[in-house]
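S.K.: Chain by chain, the residues:
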Amino acid sequence: MTPQSTLMVVAPIEASREAELRHLLARMNSEVGVADPGNPLLPFSQFSTLHFARFVILDDATAEDLRAYGADPLPPTKSLAFLCDCDGPADHLRGELAKRAGDGLRKIFSCCLEFPADCDLEMWMEEHDKPAATAYTNWLGRTVMQVLEENDLRSALVTQLQSSTHANASPQQVWRALQAFVASEQRGGRLVLTPPSPTPWRWRIKDLLHLFGVPLLLLLVSPLLLLYLPFFLIQLRLRESKDAEIVPRADAAFVKNLASREDRILTNQFSAYGNLKPGTFRRWTLIFLLFAVNYTTRHIYNRGFLARVNTIHFARWVFLDNRKRLFFASNYDGSLESYMGDFINKVAWGLNLVFSNGVGYPKTYWLVLDGAKDEQKFKDYIRRHQLPSEVWYDATPGITAFDMERNSRIRDGIEEHAMTDAEVAEWVKLF
Amino acid sequence: MAFTQADYQDMQGLLRFGYGALTEACFLLLRIEDAAAAGLWLEGAPLATAEVQIPPPAKALQLAFTCEGLRKLRVAEETVNGFSAEFLSGMVGDENRSRRLGDIGESAPQHWQWGGPGNVPDMVAMIYARPGQLEAWKLSLEDGLKASGFVLLQCLPTTDMGGVEPFGFVDGVSQPQLDWEGRRSTSGDKLTYENLCALGEFVLGYPNEYGKNTGRPLISKQQAADLPDAEDAAGHADLGRNGTYMVLRQLEQDVRGFWRFADAQTNSDEAARLDLAEKMVGRRITGDPLLHARAQAITVGGTSADDARLNDFTYDEDRDGTMSPMGAHVRRANPRNSDFSAGTHGLWSKLVHMTGFGRTYTREDIIASTRFHRLLRRGREYGSKLTAEQRLEQAPPDAVVTGLQFACLNANIARQFEFVQNAWLMGSKFDGLNDESDPLLGNREQVAGCPVDKFSVPSAHGVRKQIQNVPRFITVRGGAYFFLPGVRALRYIARAARI
Ligand code: HEM
Chain A
1 MTPQSTLMVV
11 APIEASREAE
21 LRHLLARMNS
31 EVGVADPGNP
41 LLPFSQFSTL
51 HFARFVILDD
61 ATAEDLRAYG
71 ADPLPPTKSL
81 AFLCDCDGPA
91 DHLRGELAKR
101 AGDGLRKIFS
111 CCLEFPADCD
121 LEMWMEEHDK
131 PAATAYTNWL
141 GRTVMQVLEE
151 NDLRSALVTQ
161 LQSSTHANAS
171 PQQVWRALQA
181 FVASEQRGGR
191 LVLTPPSPTP
201 WRWRIKDLLH
211 LFGVPLLLLL
221 VSPLLLLYLP
231 FFLIQLRLRE
241 SKDAEIVPRA
251 DAAFVKNLAS
261 REDRILTNQF
271 SAYGNLKPGT
281 FRRWTLIFLL
291 FAVNYTTRHI
301 YNRGFLARVN
311 TIHFARWVFL
321 DNRKRLFFAS
331 NYDGSLESYM
341 GDFINKVAWG
351 LNLVFSNGVG
361 YPKTYWLVLD
371 GAKDEQKFKD
381 YIRRHQLPSE
391 VWYDATPGIT
401 AFDMERNSRI
411 RDGIEEHAMT
421 DAEVAEWVKL
431 F
Chain B
1 MAFTQADYQD
11 MQGLLRFGYG
21 ALTEACFLLL
31 RIEDAAAAGL
41 WLEGAPLATA
51 EVQIPPPAKA
61 LQLAFTCEGL
71 RKLRVAEETV
81 NGFSAEFLSG
91 MVGDENRSRR
101 LGDIGESAPQ
111 HWQWGGPGNV
121 PDMVAMIYAR
131 PGQLEAWKLS
141 LEDGLKASGF
151 VLLQCLPTTD
161 MGGVEPFGFV
171 DGVSQPQLDW
181 EGRRSTSGDK
191 LTYENLCALG
201 EFVLGYPNEY
211 GKNTGRPLIS
221 KQQAADLPDA
231 EDAAGHADLG
241 RNGTYMVLRQ
251 LEQDVRGFWR
261 FADAQTNSDE
271 AARLDLAEKM
281 VGRRITGDPL
291 LHARAQAITV
301 GGTSADDARL
311 NDFTYDEDRD
321 GTMSPMGAHV
331 RRANPRNSDF
341 SAGTHGLWSK
351 LVHMTGFGRT
361 YTREDIIAST
371 RFHRLLRRGR
381 EYGSKLTAEQ
391 RLEQAPPDAV
401 VTGLQFACLN
411 ANIARQFEFV
421 QNAWLMGSKF
431 DGLNDESDPL
441 LGNREQVAGC
451 PVDKFSVPSA
461 HGVRKQIQNV
471 PRFITVRGGA
481 YFFLPGVRAL
491 RYIARAARI
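Each protein sequence line maps, in turn, to chains A and B. The numbering of the first sequence is our numbering, which starts it at 1 and goes up by one. The numbering of the second sequence is our numbering, which starts it at 1 and goes up by one.
One thing to keep in mind: the hints can contain errors.
Beyond 10 Å from chain B on every Cβ pair, some chain A residues (computed) [stated by the list, open to error]:
| hint | residue |
| --- | --- |
| 1 | Trp-284 |
| 2 | Leu-306 |
| 3 | Leu-430 |
Here are the simulated lysine-lysine pairs, DSS-like style, with alpha carbons at most 30 Å apart [stated by the list, open to error]:
| hint | chain 1 | residue 1 | chain 2 | residue 2 |
| --- | --- | --- | --- | --- |
| 4 | A | Lys-363 | B | Lys-190 |
| 5 | B | Lys-59 | B | Lys-138 |
| 6 | A | Lys-107 | A | Lys-206 |
| 7 | A | Lys-206 | A | Lys-78 |
| 8 | B | Lys-465 | A | Lys-429 |
| 9 | A | Lys-107 | A | Lys-130 |
| 10 | B | Lys-59 | B | Lys-465 |
| 11 | A | Lys-363 | B | Lys-221 |
| 12 | B | Lys-72 | A | Lys-242 |
| 13 | A | Lys-78 | A | Lys-429 |
| 14 | A | Lys-256 | A | Lys-324 |
| 15 | A | Lys-130 | A | Lys-206 |
| 16 | B | Lys-212 | A | Lys-256 |
| 17 | A | Lys-99 | A | Lys-242 |
| 18 | A | Lys-242 | A | Lys-107 |
| 19 | B | Lys-385 | A | Lys-363 |
| 20 | A | Lys-324 | A | Lys-130 |
| 21 | B | Lys-221 | A | Lys-242 |
| 22 | B | Lys-350 | A | Lys-363 |
| 23 | A | Lys-429 | B | Lys-350 |
| 24 | B | Lys-190 | B | Lys-59 |
| 25 | A | Lys-78 | A | Lys-107 |
| 26 | B | Lys-146 | B | Lys-72 |
| 27 | B | Lys-190 | B | Lys-72 |
| 28 | B | Lys-190 | A | Lys-429 |
| 29 | A | Lys-130 | A | Lys-99 |
| 30 | A | Lys-256 | B | Lys-138 |
Calculated directly from the structure, the hints in this document are not laboratory data. C-beta atoms are modelled at their ideal positions from N, C-alpha and C, and glycine is treated no differently.
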């Protein structure tokens with residue numbers, strides 16, 4: 001099994017070169033916001049371990065909101081962020097990027113401050129990496145190659161099923177016939193189903209240590225946490241009752257720019273950016289919560305769903321600017337309207353937990369209640385904190401997270417040696 | 001929030017009635033040339049309200065405005081900006097919206113007969129009358145309008161096809177039931193599908209399914225003393241209250257194309273042809289459900305026995321779509337699910353499902369909860385009704401264009417109409433399907449290289465049949481988003497125009 005990882009390079013943009021940078025980025029696209037996979041600057045499709053990538057300009061349009069909390073806005077800066085979700089270690093991808101797209105990346109990053117022309121690109125990217133506080137992968141171990149191979153498998157099987165008649169065949173017969181078909185396609189080299197690579201033992205050890213270490217640690221400090229809990233709750237409620245909501249509707253032109261980058265393919269990108277509520281209370285609450293959420297995404301939510309949401313391929317929460325700001329990025333299926341609907345109807349509690357520590361979020365109650373349930377305020381809040389992705393790459397356009405899971409099940413069936421009638425009947429319904 | 005009694009007197013009748021007995025109708029698309037004169041006319045307009053009249057009226061007039069229209073009537077800009085973003089932008093104001101609604105290719109707004117860029121009407125006057133009484137009334141209304149600063153852009157005709165839409169299927173079978181009395185509690189999760197919907201889903205100014213009032217223009221009480229009060233904002237008058245948004249779309253139907261396709265797919269076997277057509281629609285041609293009626297009633301009271309026979313079902317009992325295909329129009333348009341997947345009962349089970357566990361099959365929990373996405377349909381057919389034989393013939397060169405003047409009412413265009421149209425009808429991945437969109441409505445334009453011209457018909461014993469190369473049967477010919485004001489709101493707008 002090949003574990004997935006993330007990479008995020010952040011560097012401030014040289015103000016005088018912002019226009020040039022935007023122009024460079026736009027040139028990588030085939031449609032507004034959607035990358036041309038083979039563009040000469042950064043030919044994404046040449047990196048076979050890359051699932052998603054994007055360039056976003058971090059520009060805090062909501063900085064002034066801090067004043068409502070009696071704090072001064074952070075100094076205005078614009079930074080370029082480059083994000084990748086990939087198979088295998090990020091170090092490896094970073095090396096490959098520097099090697100094979102070095103010229104293009106240098107051109108892009110040279111528009112940033114702190115980019116010496118003679119620097120070692122790979123090292124520079126590593127120095128400017130911002131690790132995710134929480135990272136979510138829809139399916140741990142599912143590689144780009146696997147997604148593509150299994151999608152081809154499904155297409156071939158659907159075509160095969162429709163072109164031959166199975167009217168009188170029992171499900172068992174259909175299954176056996178398809179197995180034989182796949183075997184012959186594999187022999188002919190028309191279908192490939194690469195077996196999973198062995199799990200790297202280093203990763204496995206680290207993962208086990210994390211799996212058991214974190215609960216152990218929590219157990220150890222739990223007496224302290226428990227002692228602190230009442231104070232925490234009192235403080236929380238005091239703050240919740242007076243924290244200002246800042247939820248005006250986002251500017252129409254801004255929304256239009258965002259929308260122009262959406263729904264061009266079946267999957268969409270989402271980036272959001274905002275300030276934490278000032279003070280240590282919210283900061284430490286969020287650090288703790290993201291740490292806890294990260295435990296669940298690492299060990300529990302890595303099999304097709306994040307709580308009830310099963311349309312997210314990758315997501316991450318990243319602290320920026322000395323943990324004064326939070327950046328969120330995700331790749332999801334369907335329109336933003338349905339994504340937000342899922343947030344509100346299915347996981348409002350989860351969103352509240354994290355985002356209510358952000359400035360201006362709709363009022364919550366005991367950290368998890370209300371908040372996102374205030375539909376319109378929440379939707380306006382989301383839109384206003386969103387950032388347009390200048391360039392976005394999806395290695396598997398048109399294949400939803402649901403498709404991927406179903407395709408894997410189809411493959412499982414093909415590779416199965418024996419299935420009961422009931423199992424076969426369920427399997428056949430996958431087509 | 002306390003529910004204040006629905007005020008029928010202040011509402012246009014269309015919110016409550018389909019005016020089925022008024023079988024003749026037409027929709028006048030108008031441009032406003034002279035705001036002051038138009039305002040005067042609007043002040044005296046004989047609007048039909050939602051109050052029950054005895055005897056029932058012989059005719060009815062309903063009025064609605066686009067955003068352009070409100071601006072021309074000099075409604076203050078800050079007031080106009082209180083309407084929803086979709087309404088402000090309009091159906092064609094943003095090509096991103098057109099892409100989401102599937103208005104591309106032949107259905108793209110630049111080809112529209114009305115409502116396209118630069119061709120958006122300011123107002124629609126919808127007039128309904130008893131048989132034989134429309135024409136004279138229409139002429140006199142037209143004269144009055146023309147003398148009052150209005151220009152008639154177009155008259156969208158309708159045809160009474162006897163409760164059947166042009167393909168030949170009984171229409172108007174399933175409608176949400178509005179909670180006029182405030183009986184429905186919107187707090188907490190709903191574990192079963194219900195047809196009763198919070199009034200605020202369809203009428204502005206009342207709580208919606210989230211228990212909140214959908215955004216709409218609020219004006220300080222001093223400036224608008226005779227508008228209704230805003231329920232949720234003290235000291236404010238509510239321009240939206242008792243009004244709603246209306247989505248109007250002219251959808252041309254290729255009736256012969258539809259039946260000839262079904263015919264070709266089934267080797268001209270009459271029964272098989274009908275069966276396929278019914279599977280595409282998701283109901284029998286008679287309006288009966290494809291699923292057996294439920295033994296046990298689930299809907300709330302107040303629905304007739306006939307309605308129970310036609311609508312007392314959910315798709316929980318047809319998970320695999322062997323009775324009604326997942327992709328059938330009616331199943332897409334209203335998947336009849338609840339907030340949680342079937343079988344979530346008790347606290348523990350809810351907790352398990354809430355955190356994403358407890359799924360028992362692959363497609364479980366992938367469709368959004370229906371209660372936030374209902375539409376109140378008020379469309380009318382146009383063109384000529386074909387007999388079953390005519391439908392199968394090649395179209396003569398002088399064939400009358402036929403279709404649906406699709407109209408629906410909703411309080412939140414983005415969450416209701418646009419969501420249904422985008423995610424459910426045009427969506428090529430609805431309910432885990434692939435490569436297909438609504439069999440009736442799909443534009444068949446590829447998305448990211450993925451075809452959308454198939455239609456899957458699951459069968460009880462095994463492999464789904466996938467029908468290939470489904471042609472486009474429906475072309476959009478016009479459309480716009482309107483605000484259908486309450487009666488007092490209309491008077492307010494009329495007065496604004498006269499100042
Ligand atoms: C020319 C185009 C259309 C035709 C021929 C058509 C036809 C039908 C028919 C025959 C039914 C079943 C009868 C009934 O329940 O009333 C139906 C139901 C329905 N249609 Fe359409 N329709 C069209 C366009 C649309 C559009 C554009 C929408 C929404 C955006 C829509 C939404 C619905 C809904 C919500 C139902 C009720 C489903 C239920 O509650 O079970 N239809 N349609």
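S.K.: For the pair supplied as a hint, A/Lys-363 and B/Lys-221, is the alpha-carbon distance within the 30 Å limit?
M.R.: 27 Å, holds
S.K.: Quickly compare the C-alpha distance for B/Lys-190 and B/Lys-59 to 30 Å and report which way the hint goes.
M.R.: 40 Å, violated
S.K.: Run the C-beta distances from A/Trp-284 to all of chain B and say if the shortest one exceeds 10 Å.
M.R.: 25 Å, holds
S.K.: Please work out if A/Lys-107 and A/Lys-206 have their alpha carbons no farther apart than 30 Å.
M.R.: 37 Å, violated
S.K.: For a C-alpha distance cap of 30 Å, please report whether A/Lys-256 and B/Lys-138 respect it.
M.R.: Outside the cut-off at roughly 40 Å; violated.
S.K.: So if I understand the rule, the pair passes when the alpha-carbon distance is 30 Å or less; does A/Lys-363 with B/Lys-190 pass?
M.R.: Cα-Cα ~23 Å, so holds.
S.K.: Would you check the hint for A/Lys-130 and A/Lys-206, treating anything up to 30 Å between C-alpha atoms as holding?
M.R.: Given that 30 Å is the threshold and the Cα spacing comes to 20 Å, the pair holds.
S.K.: Does the alpha-carbon distance linking B/Lys-59 and B/Lys-465 stay inside the 30 Å limit?
M.R.: Not OK: B/Lys-59 and B/Lys-465 at ~49 Å, beyond 30 Å, violated.
S.K.: Verify the proposed pairing of A/Lys-324 with A/Lys-130, using a straight-line Cα cut of 30 Å.
M.R.: At roughly 14 Å apart (the allowed maximum being 30 Å), A/Lys-130 and A/Lys-324 satisfy the hint.
S.K.: Given the hint that B/Lys-385 pairs with A/Lys-363, does the C-alpha gap stay at or below 30 Å?
M.R.: The given pair, whose Cα atoms are some 55 Å apart, is violated under the 30 Å limit.
S.K.: Decide if the proposed pair is consistent with the structure: B/Lys-221 and A/Lys-242, CA atoms, cutoff 30 Å inclusive.
M.R.: 28 Å, holds
S.K.: With the threshold set at 30 Å, check whether the alpha-carbon distance from B/Lys-212 to A/Lys-256 stays at or below it.
M.R.: 26 Å, holds
In summary, the numbered hints that this structure violates are 2, 3, 6, 7, 10, 12, 13, 17, 18, 19, 24, 27 and 30.
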